[in-house]
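Just so you know, the sequence shown maps onto residues 1 to 102 in the numbering used here.
None of these hints come from the bench; they were simulated from the model.
Predicted model, so just to flag it, every value in this text is computed and none were measured.
Please note: incorrect hints may appear among the correct ones.
Straight-line C-alpha distance at most 25 Å; calculated PhoX-like pairs for lysine-lysine [stated by the list, open to error]:
(1) K3 with K29
(2) K10 with K34
(3) K3 with K17
(4) K10 with K29
(5) K66 with K29
(6) K17 with K29
(7) K3 with K34
(8) K17 with K34
(9) K17 with K66
(10) K66 with K3
Restraint-style ranges between C-beta atoms, simulated for each label pair [to be verified]:
(11) K29 with T99: 32 to 38 Å
(12) K17 with E91: 29 to 35 Å
(13) K34 with E91: 24 to 30 Å
The beta carbon of each residue, even a glycine, is placed where N, CA and C say it ideally should be.
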Amino acid sequence: MYKIGVVGDKDSILAFKALGIDVYTVNNKEEARKTVDTLAHNNYGIIFITEQIASLIPDTLSRYDKEAVPAIILIPSNQGTMNIGMDRINEYVEKAIGTNIL
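Please model the complete structure; the sequences and the hints are all you need to start from.
Here's what the structure looks like:
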């Protein structure tokens, strides 16, 4: 059975702990990269990452884009959205269907 984890700044992700999701706070690019790689290799099927943290590690995220597991999902932080997550969804839909329907 796969686990679910969330990576981001403390203020943005602490509420996920109440849902029973494993929470990993990071403060910089290196911590974020190491945490995502560790989760990916430790049976995490879904990894939520705040857009602000994801913007620091695009190379790490692109490594997992072609893999079925883990599914990496970008979420807005408490500071608002950067539209990176929605842009990725639009890209995936366009790739799957051939046109952007969103």
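The hints, checked one at a time:
1. The suggested pairing of K3 with K29 holds, with an alpha-carbon distance near 23 Å, which does not exceed 25 Å.
2. Annotation: proposed proximity of K10 to K34 holds, straight-line Cα distance about 17 Å (limit 25 Å).
3. Taken as a hint, the K3 and K17 pair is honoured in the structure, with Cα atoms around 13 Å apart against an allowance of 25 Å.
4. Between K10 and K29 the CA atoms are separated by roughly 15 Å; this keeps the pair inside 25 Å, and the hint holds.
5. In summary, the hint linking K66 to K29 is supported, as the alpha carbons are separated by about 22 Å, within the 25 Å threshold.
6. With a C-alpha separation of about 22 Å, the suggested pair K17 and K29 falls inside the 25 Å cut-off, and the hint holds.
7. The hinted pair formed by K3 and K34 meets the criterion: a straight-line CA distance of about 17 Å does not exceed 25 Å.
8. A distance of roughly 20 Å separates the Cα atoms of K17 and K34; the hinted pair therefore holds under the 25 Å criterion.
9. Of the supplied pair hints, the one linking K17 and K66 is violated, its CA atoms being roughly 28 Å apart against a limit of 25 Å.
10. For a cut-off of 25 Å, the pair hint linking K66 to K3 stands: about 19 Å separates their Cα positions.
11. At roughly 35 Å, the beta-carbon separation of K29 and T99 lies within the given 32 to 38 Å, and the hint holds.
12. Our hint of 29 to 35 Å for K17 and E91 holds, since their Cβ atoms are close to 31 Å apart.
13. K34 and E91 have their C-beta atoms about 26 Å apart, which keeps the hinted 24 to 30 Å range intact.
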